[in-house]
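Got chain A sorted already, so can you dock chain B onto it with the hints?
One line per chain: the protein sequences are A and B, in this order.
Quick note on numbering: the first sequence equals residues 1 to 593 in my numbering.
Quick note on numbering: the second sequence equals residues 1 to 249 in my numbering.
Source of the hints: derived by calculation from the structure; they are not laboratory data.
The reader is advised that the hints may include incorrect statements.
[What the hints assert, rightly or not] Below, in silico cross-link-like pairs of lysine-lysine (DSS-like), each with a Cα-Cα straight-line distance of 25 Å or less:
| hint | chain 1 | residue 1 | chain 2 | residue 2 |
| --- | --- | --- | --- | --- |
| 1 | A | Lys453 | B | Lys143 |
| 2 | B | Lys218 | A | Lys344 |
| 3 | B | Lys218 | A | Lys322 |
| 4 | A | Lys453 | A | Lys121 |
| 5 | A | Lys107 | B | Lys143 |
| 6 | A | Lys426 | A | Lys441 |
| 7 | A | Lys487 | A | Lys5 |
| 8 | A | Lys344 | B | Lys143 |
| 9 | B | Lys78 | A | Lys453 |
| 10 | A | Lys322 | B | Lys143 |
| 11 | A | Lys585 | A | Lys121 |
| 12 | B | Lys143 | B | Lys44 |
| 13 | B | Lys44 | B | Lys4 |
| 14 | B | Lys143 | A | Lys146 |
| 15 | A | Lys494 | A | Lys434 |
| 16 | A | Lys588 | A | Lys121 |
| 17 | A | Lys453 | B | Lys4 |
| 18 | A | Lys322 | A | Lys107 |
| 19 | B | Lys44 | B | Lys9 |
| 20 | A | Lys591 | A | Lys571 |
| 21 | A | Lys494 | B | Lys9 |
| 22 | A | Lys487 | A | Lys434 |
| 23 | A | Lys494 | B | Lys44 |
| 24 | A | Lys441 | B | Lys9 |
| 25 | A | Lys453 | A | Lys494 |
| 26 | A | Lys487 | B | Lys4 |
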Amino acid sequence: MEIFKADVVIVGAGGAGLRAAIAVAEAEPGLTVALVSKVYPMRSHTVAAEGGSAGVAQAHDSFEHHFNDTVSGGDWLCEQDVVEYFVSQCPEEMVQLEHWGCPWSRKPDGHVNVRAFGGMKIERTWFAADKTGFHMLHTLFQTSIKYPSIKRFDEHFCTELIVEDGRAQGVVVIGIASGEFTLIEAGAVVFATGGAGRVFRENTNGGIVTGDGMALAYRHGVPLRDMEFVQYHPTCMPGTGLLFTEACRGEGGFLLNKDGYRYLQDYGLGPAEPVPRNKAMELGPRDRLSQAFWHEQQKGRTIEGPHGSVVHLDLRHLGEQKLRERLPQIYELAEEFLGVDPAKTPIPVRPAVHYTMGGVLVDGRCAAPLPGLYAAGECSSVGIHGANRLGSNSLAELCVFGKVAGIEAARFARSVAPGNAATLRKQAEASEQKARAIVTKSDGSERIATLRKEMAETMERGCGIYRLGDSMQATCDKLDELRQRYKNIGIEDKSSVWNSNWLMAIELGFQLDVAQAMAYSALSRKESRGAHQRLDGFETRDDENYLKHTLAHFDGDGRPRIDYGPVRITKSQPAVRAYGAAGEKAEKEAKHG
Amino acid sequence: MAEKTITIKVLRYNPEQDQAPVFQAYQVPFSDDMSVLQALLFIKDELDETLSFRWSCRMAICGSCGMMINGNPKLSCKTFLRDIYPETVRVEALNHFPIERDLVVVMDDFIDKLERIQPYIIPAAPRSLAQGEYLQTPAQLEKYEQFSSCINCLLCYAACPQYGLNPEFIGPGALALLHRYNADSRDGASAQRMELVAAEEGVFNCTAVGYCSEVCPKHVDPANAVNQNKTTAAGNYFMSFLKPRGTSK
Numbered sequence: 001m002e003i004f005k006a007d008v009v010i011v012g013a014g015g016a017g018l019r020a021a022i023a024v025a026e027a028e029p030g031l032t033v034a035l036v037s038k039v040y041p042m043r044s045h046t047v048a049a050e051g052g053s054a055g056v057a058q059a060h061d062s063f064e065h066h067f068n069d070t071v072s073g074g075d076w077l078c079e080q081d082v083v084e085y086f087v088s089q090c091p092e093e094m095v096q097l098e099h100w101g102c103p104w105s106r107k108p109d110g111h112v113n114v115r116a117f118g119g120m121k122i123e124r125t126w127f128a129a130d131k132t133g134f135h136m137l138h139t140l141f142q143t144s145i146k147y148p149s150i151k152r153f154d155e156h157f158c159t160e161l162i163v164e165d166g167r168a169q170g171v172v173v174i175g176i177a178s179g180e181f182t183l184i185e186a187g188a189v190v191f192a193t194g195g196a197g198r199v200f201r202e203n204t205n206g207g208i209v210t211g212d213g214m215a216l217a218y219r220h221g222v223p224l225r226d227m228e229f230v231q232y233h234p235t236c237m238p239g240t241g242l243l244f245t246e247a248c249r250g251e252g253g254f255l256l257n258k259d260g261y262r263y264l265q266d267y268g269l270g271p272a273e274p275v276p277r278n279k280a281m282e283l284g285p286r287d288r289l290s291q292a293f294w295h296e297q298q299k300g301r302t303i304e305g306p307h308g309s310v311v312h313l314d315l316r317h318l319g320e321q322k323l324r325e326r327l328p329q330i331y332e333l334a335e336e337f338l339g340v341d342p343a344k345t346p347i348p349v350r351p352a353v354h355y356t357m358g359g360v361l362v363d364g365r366c367a368a369p370l371p372g373l374y375a376a377g378e379c380s381s382v383g384i385h386g387a388n389r390l391g392s393n394s395l396a397e398l399c400v401f402g403k404v405a406g407i408e409a410a411r412f413a414r415s416v417a418p419g420n421a422a423t424l425r426k427q428a429e430a431s432e433q434k435a436r437a438i439v440t441k442s443d444g445s446e447r448i449a450t451l452r453k454e455m456a457e458t459m460e461r462g463c464g465i466y467r468l469g470d471s472m473q474a475t476c477d478k479l480d481e482l483r484q485r486y487k488n489i490g491i492e493d494k495s496s497v498w499n500s501n502w503l504m505a506i507e508l509g510f511q512l513d514v515a516q517a518m519a520y521s522a523l524s525r526k527e528s529r530g531a532h533q534r535l536d537g538f539e540t541r542d543d544e545n546y547l548k549h550t551l552a553h554f555d556g557d558g559r560p561r562i563d564y565g566p567v568r569i570t571k572s573q574p575a576v577r578a579y580g581a582a583g584e585k586a587e588k589e590a591k592h593g
Numbered sequence: 001m002a003e004k005t006i007t008i009k010v011l012r013y014n015p016e017q018d019q020a021p022v023f024q025a026y027q028v029p030f031s032d033d034m035s036v037l038q039a040l041l042f043i044k045d046e047l048d049e050t051l052s053f054r055w056s057c058r059m060a061i062c063g064s065c066g067m068m069i070n071g072n073p074k075l076s077c078k079t080f081l082r083d084i085y086p087e088t089v090r091v092e093a094l095n096h097f098p099i100e101r102d103l104v105v106v107m108d109d110f111i112d113k114l115e116r117i118q119p120y121i122i123p124a125a126p127r128s129l130a131q132g133e134y135l136q137t138p139a140q141l142e143k144y145e146q147f148s149s150c151i152n153c154l155l156c157y158a159a160c161p162q163y164g165l166n167p168e169f170i171g172p173g174a175l176a177l178l179h180r181y182n183a184d185s186r187d188g189a190s191a192q193r194m195e196l197v198a199a200e201e202g203v204f205n206c207t208a209v210g211y212c213s214e215v216c217p218k219h220v221d222p223a224n225a226v227n228q229n230k231t232t233a234a235g236n237y238f239m240s241f242l243k244p245r246g247t248s249k
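Just chain A, with the same shape it has in the complex:
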């Protein structure tokens, strides 16, 4: 086994991991950063984010507005002090990206332009056409090349977090090209491994989004927080789940049912106006829009397609020229993947799993309860998204909290003495044996593709847009069973070089643990809030009993232990979450009353 001595090791090199690495390199150029990614950094799933990144930019906007939109959008399950810090840092981080070369779309006078987004009162979403995540990721990756202290481990797969003496002291990685193991020792570890949307069947996520860091932290006793809150994005490609950005609606797109009717007006989001008003109709939040789709489907007002029911995303009135300029990628996806010219024909869409609001429990400085472990981005639960994330807050989160995680990890790494090399090595070797055994000793009868499919189907059945106690229980039972069957998997591929069969087996182990945390968290929350909506007697929000964070604790082979933690409320008391005309009325009353 190779040994690499770093000061800070960062696992995941998407937006959050790269931003963290640059933050360490700028704050402490003398520290060595090991930046681990199971792909090349520019393949990370940040690349697929389309619509934009939030940051107050206009004179008539304010941090307070961004704060209020985020906290009410999250159905008051946000850490309000953390949200306050977040919104105050977004604009500077967006300018920082601009200085690093991000090709933000501009106004004629050369200033950065912003667009409208769902649940946001004022336009504050910075964008680079409809490839914002792609441009942010490549800007961060290419900028990271400037810093000699960042040592990349591209295509290295993290199998283990090393915890010794009560603190995180490194990770074990497999070089995918060689099958060889490396122990990366470090004073501090940052997880920036992204979400876990692939535990569901129909999703917008890339194949790599398998919850690795969540599972590794969880197995070491760090709770996963608010895992029941999984976001369905309302406008995705039927069958594949590929994303049609919310910016389609930000630019003025409509959602129509089979009668050509803008059905969102029937779900407290109206009135329907020719140009969408912010926080109304198509610019409502994602949870509400996906729920409205479900109701339309129940009423038989959706359109039947080869991959299930759909509604229409109508962009025709925007015209080809505007679509090519503002939504070029959407145009290409519709044309090439669906054979639909969006300037002439509405795009068939349906909701698909998009984002995990919950994640590794961390405080407002990205520190997990396990000393030396930090987390940022989708894998973490720093507390800004609550029960439902607003579109464009997650790209901004990568920058704001990637930076925080980097700085805090560097500070911690400086403060600790190196660990006991022999003990760390012994742990790492044990972990290598365990990982190798998946290949050498696994001649069981279970196929990983079958288990993965069964997991994804049961998650969709039990933890979808609307949830029932019985079906959630069935999903929990099914996951218990799958975790047992996982012990009996067989791996056909016995080779060392690029053995993706092996890596997918390890990923499936991560996914099953994370899925179990999601399902049990969902079953235990007996109310409806944000993306967690029940139809079995718990249809309303229950602040008296459930204005609290769910904490799922790992319990080996058993079921997760669920308990709860407090929500930090500073200046926004929970209120009715209203959009459209009702939202405007409520806001006025709050101001005057």
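Showing chain B alone in chain A's frame:
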């Protein structure tokens, strides 16, 4: 009715057991909306767990799944079976790169080149964050925006005959990115980057075949970037030797 199927022939190579790459054929259920990537995933899940290939986003933006499909460099996620059926789909690792395993190539060379071209803003006039953003008009943005759309999928390298002959050549993708920074109004380092371009392995290795631009899935048009740099590097004289892009393979 019997299910329609399509034959996928995949070039297999496992360095731990094979002397040389060899084709292996699989029968995959055919449907109208299936991509080549979905066919490969079907093989991986249902027929042969040992097949290795890179993929992730499925939507032509992560750049992972470049491969030769019936002899042409393509992204497998946006190449559809319906455009090939009922012919056999022949899938191989990208040309001009060593095969690591099956459809996975060794791409260290490209990463080295990307790192060498200083792919980051070296500001003409440094600005503090408190000073806010640089002003950049839509016209200034347009000068480089297309070249910033490179997804590093390497299709252009697999298409470039010059890179095939001489791997020292920086190649179309990295040159497009170099041009992306040189053409950015915020940047002031084009002189130092041009030293690379004018060197032997720089733009003058390009013989202006233009196939790179033809295969680019994101319309980056690297040939145009290369040509613009030739002009800058040596004056308009060289333009007279260039064929219009896209006219030959």
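Point to revise | Restraint check for Lys426 (chain A) with Lys441 (chain A), where alpha carbons must lie at most 25 Å apart | key: 21 Å, holds
Check your understanding: Holds or violated: are the alpha carbons of Lys453 (chain A) and Lys143 (chain B) at most 25 Å from each other?
Key -> Between Lys453 (chain A) and Lys143 (chain B) the Cα gap is close to 46 Å, so the pair fails against 25 Å, i.e. violated.
Review point. Is Lys143 (chain B) within 25 Å of Lys44 (chain B), Cα to Cα?
Key: Violated: Lys143 (chain B) and Lys44 (chain B) sit about 43 Å apart, past 25 Å.
Review point. Given the hint that Lys588 (chain A) pairs with Lys121 (chain A), does the C-alpha gap stay at or below 25 Å?
Key: Cα-Cα ~13 Å, so holds.
Point to revise | Straight-line alpha-carbon gap Lys487 (chain A) to Lys4 (chain B), limit 25 Å | key: 36 Å, violated
Practice item. With a cut-off of 25 Å on the C-alpha distance, tell me whether Lys322 (chain A) and Lys143 (chain B) pass. Key: At roughly 19 Å apart (the allowed maximum being 25 Å), Lys143 (chain B) and Lys322 (chain A) satisfy the hint.
Practice item. Below or equal to 25 Å on CA atoms is what counts here, so check Lys143 (chain B) against Lys146 (chain A). Key: 24 Å, holds
Check your understanding: Taking 25 Å as the top limit, are the C-alpha atoms of Lys344 (chain A) and Lys143 (chain B) close enough?
Key -> 30 Å, violated
Check your understanding: Hey, Lys44 (chain B) versus Lys9 (chain B), does the alpha-carbon distance stay inside 25 Å?
Key -> The hint holds at about 14 Å.
Check your understanding: Does Lys453 (chain A) pair with Lys121 (chain A) here, judged by a C-alpha cut-off of 25 Å?
Key -> With Cα atoms ~40 Å apart, Lys453 (chain A) and Lys121 (chain A) exceed 25 Å; violated.
Check your understanding: CA of Lys453 (chain A) to CA of Lys4 (chain B), is that 25 Å or under?
Key -> 23 Å, holds
**Study point:** Satisfaction of hint between Lys9 (chain B) and Lys494 (chain A), Cα-Cα up to 25 Å
**Key:** OK: Lys494 (chain A) and Lys9 (chain B) at ~22 Å, within 25 Å.
Violated hints for the displayed structure, listed by number in ascending order: 1, 4, 7, 8, 12, 24 and 26.
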